[in-house]
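First to last, the sequence lines map onto chains A and B.
Under this note's numbering, the first residue of the first sequence carries the number 1, and numbering increases by one thereafter.
Under this note's numbering, the first residue of the second sequence carries the number 1, and numbering increases by one thereafter.
Misleading hints may appear alongside valid ones.
What the hints assert, rightly or not - Here chain A is said to cover these stretches of chain B; the calculated rule only asks that three of the stretch's residues, wherever they fall, bring their Cβ under 8 Å from a Cβ of chain A:
no.	region
1	85-96
2	107-115
3	258-266
To be verified - Residues from chain B that keep clear of chain A, each with C-beta distances beyond 12 Å, as calculated:
no.	residue
4	G26
5	D42
6	I54
7	W58
8	G72
9	R76
10	I147
11	A190
12	A233
13	R285
The hints are simulated quantities; they were obtained by calculation from the structure and are not laboratory data.
Yeah, the Cβ is synthetic: ideal placement off N, Cα and C, and Gly gets one too.
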Amino acid sequence: MSRNGPLALIFHTIFVIVMVAPILVVCLVAFTPEGFLSLPTNGFSLRWFRAIANYPEFVHAFWVSLGLGALSSFVALLFAVPAALAIARYRFRGRDTLAALFLSPLMIPHVVLGIAFLRFFTSAGLGGSFVALIIAHVIIVFPFALRLTLAAATGMDLSVEMAAVSLGAGGWTLFRRVTLPLILPGVISGWALAFIQSFDDLTMTVFLAAPGTETLPVRMFLYIQDNIDPLVTSVSACVIAITMTALILLDRFYGLDRVLAGKGDTGR
Amino acid sequence: MSASAEERNARTPWVLTAPALMLFVGVLLIPLAMTVMLSFHDWGQYKGIEPVFILKNWHEIVTDPYYAEMFGRTFRIAILTTLLTAVLGAPEAYILNRMSGCWKSVFLLVILGPLLISVVARTLGWALLFGGNNGLVNKLLMSAGVIRAPIPFMFTETGMVVALAHVMMPFMVLSVWAALQRLDPQIENAALSLGAGPVTIIRRIIMPQIMPGVLSGAIIVFSLSASAFATPAIIGGRRLKVAATLAYDEFLNTLNWPLGAAVATLLLAALVLIVVGSNALIERRYAEVFR
Numbered sequence: 001m002s003r004n005g006p007l008a009l010i011f012h013t014i015f016v017i018v019m020v021a022p023i024l025v026v027c028l029v030a031f032t033p034e035g036f037l038s039l040p041t042n043g044f045s046l047r048w049f050r051a052i053a054n055y056p057e058f059v060h061a062f063w064v065s066l067g068l069g070a071l072s073s074f075v076a077l078l079f080a081v082p083a084a085l086a087i088a089r090y091r092f093r094g095r096d097t098l099a100a101l102f103l104s105p106l107m108i109p110h111v112v113l114g115i116a117f118l119r120f121f122t123s124a125g126l127g128g129s130f131v132a133l134i135i136a137h138v139i140i141v142f143p144f145a146l147r148l149t150l151a152a153a154t155g156m157d158l159s160v161e162m163a164a165v166s167l168g169a170g171g172w173t174l175f176r177r178v179t180l181p182l183i184l185p186g187v188i189s190g191w192a193l194a195f196i197q198s199f200d201d202l203t204m205t206v207f208l209a210a211p212g213t214e215t216l217p218v219r220m221f222l223y224i225q226d227n228i229d230p231l232v233t234s235v236s237a238c239v240i241a242i243t244m245t246a247l248i249l250l251d252r253f254y255g256l257d258r259v260l261a262g263k264g265d266t267g268r
Numbered sequence: 001m002s003a004s005a006e007e008r009n010a011r012t013p014w015v016l017t018a019p020a021l022m023l024f025v026g027v028l029l030i031p032l033a034m035t036v037m038l039s040f041h042d043w044g045q046y047k048g049i050e051p052v053f054i055l056k057n058w059h060e061i062v063t064d065p066y067y068a069e070m071f072g073r074t075f076r077i078a079i080l081t082t083l084l085t086a087v088l089g090a091p092e093a094y095i096l097n098r099m100s101g102c103w104k105s106v107f108l109l110v111i112l113g114p115l116l117i118s119v120v121a122r123t124l125g126w127a128l129l130f131g132g133n134n135g136l137v138n139k140l141l142m143s144a145g146v147i148r149a150p151i152p153f154m155f156t157e158t159g160m161v162v163a164l165a166h167v168m169m170p171f172m173v174l175s176v177w178a179a180l181q182r183l184d185p186q187i188e189n190a191a192l193s194l195g196a197g198p199v200t201i202i203r204r205i206i207m208p209q210i211m212p213g214v215l216s217g218a219i220i221v222f223s224l225s226a227s228a229f230a231t232p233a234i235i236g237g238r239r240l241k242v243a244a245t246l247a248y249d250e251f252l253n254t255l256n257w258p259l260g261a262a263v264a265t266l267l268l269a270a271l272v273l274i275v276v277g278s279n280a281l282i283e284r285r286y287a288e289v290f291r
């Protein structure tokens, strides 16, 4: 079926193995029955997954990450949906500048954002608080929420709305009963992608998190700084499993290539 | 009535974007401006941050060779990572594009999926694979006869480049993939019918057409690599610093915020210049592709 030659297929095989290897090795080591880092050569064991429960910092960080991701993606959508509708439908002065501003968190290095937010929230008296984390995450996930909503709003058939207006719908009813249901797939996908971005962010969050508001990536990073043992591989395996589940749902619901096309476009 | 309706119509986009605009001005532009200002403030071990206008931090960055070395390392790693992803990612995207439907989508998922998996988990995987001098990668390379003595990967720039290239690879594949979608498959057949061999086709037909994709992928990979934090921090350890990890240290260990802010401001300015500059160059060179 393939039009690729044998050399191309050998290259492809090695490429795929190298791409998968680090992820696979983390998941395999997580099942080791030994007390040290090793591939499970004699039998699989769940002891390191059970060990997570004895390390409440990880469990707590997981809940922080989950709540932060869900909440910040939702708040980002509250701001992004009206903005996306305006940008998709109206030609007004400053429209391009606004769109560039709203997408700018993609271009600013997260380490710079982390520093800027740390400085800002510390002088506002919110240093290390959950509220500060939510606001910061709203900013970094905003471009993803905006982009997918924008794509849905641009592709929308406006005649449906006009029909609703001619039947007497207006304002809030028009939005709730007609516009929102039509752009909902884009909005939900935007939420899911925003959630993944928030759930995975380390570079910015590491500046803002304090003990008690540490997210899972931050907790994992700080743990790895001290020592690498099978516990952190089993936590990683759980994170990978969660992301994969979200990924598969996203692919089924929206098409992963469309979602990622939006993510890869950061340089332009 | 129509005048007021028109007026309302002109106001609507601003009403709709106002909340987001206020959010961005209040919690993005102001903090960024504060960071730039912070880089001009004074700092001392015992007195803390003093809000005065002083060029001390900038003078230190410019004159102390430590910062030249550190920024040199940061951009060297970013350039090597970019080259590695381009050399390997572009052919892979081409091969991927020639596969049949079902395999294509499976492998696209396998190669692009890692983009969304935690960078900490992916880098941890490389740390496990490198694992000292008798790590899996070295064992494999030695048994394959590629190398005689083990290469040190952990705590070296080599290891950082390999792990970063893996983290950034999906961006390159995606970018080249997008360029390939715009390509007319019949052109290859036309070249074939005119007597071109496979090497000529790739060199004269494919390469020039996917070049904009490779270059825009390169810009993304470069800017993300130059500001990467997790991978250099985990693979490089505490001694081998890049711009992002140095700024982190100044902020959270040394507590010299003004100096850290200066490092971050310089990184941001350098990246914006490089990205905007090369984007302009590419768009001028390949104007017809983007039209």
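For each hint, the structure was consulted:
Residues of the region 85-96 of chain B with a Cβ under 8 Å from some Cβ of chain A number 5, which satisfies the need for three, so the listed coverage holds. Counting residues of the region 107-115 of chain B whose CB falls under 8 Å from any CB of chain A gives 9; the rule of at least 3 is met. Counting residues of the region 258-266 of chain B whose beta carbon lies closer than 8 Å to any beta carbon of chain A gives 4, which meets the minimum of three for the stated coverage. With a least beta-carbon separation of about 9 Å from chain A, G26 of chain B fails to lie farther than 12 Å from that chain, contradicting its non-interface assignment.
Chain A leaves D42 of chain B outside its interface by the beta-carbon criterion, the shortest separation being 15 Å against a cut-off of 12 Å. A cut-off of 12 Å between C-beta atoms confirms that I54 of chain B is not in contact with chain A; the least separation is 17 Å. For W58 of chain B, the shortest C-beta to C-beta distance to chain A comes to about 16 Å, beyond the 12 Å cut-off, and the non-interface label holds. Every CB of chain A lies more than 12 Å from the CB of G72 of chain B, the least distance being 18 Å, so the non-interface label holds.
Interface exclusion of R76 of chain B from chain A stands, the closest Cβ pair being 17 Å apart, more than 12 Å. Listed as outside the interface, I147 of chain B is consistent with that label: its C-beta sits roughly 16 Å from the nearest C-beta of chain A, beyond the 12 Å cut-off. At roughly 16 Å from the closest C-beta of chain A, the C-beta of A190 of chain B stays outside 12 Å, upholding its exclusion from the interface. Annotated as non-interface, A233 of chain B brings its C-beta within 12 Å of a C-beta of chain A; the closest such distance is 7 Å.
Non-interface call for R285 of chain B relative to chain A: holds, since the shortest CB-CB distance, roughly 15 Å, exceeds 12 Å.
In summary, the structure is inconsistent with hints 4 and 12 from the numbered list given earlier, while agreeing with the others.
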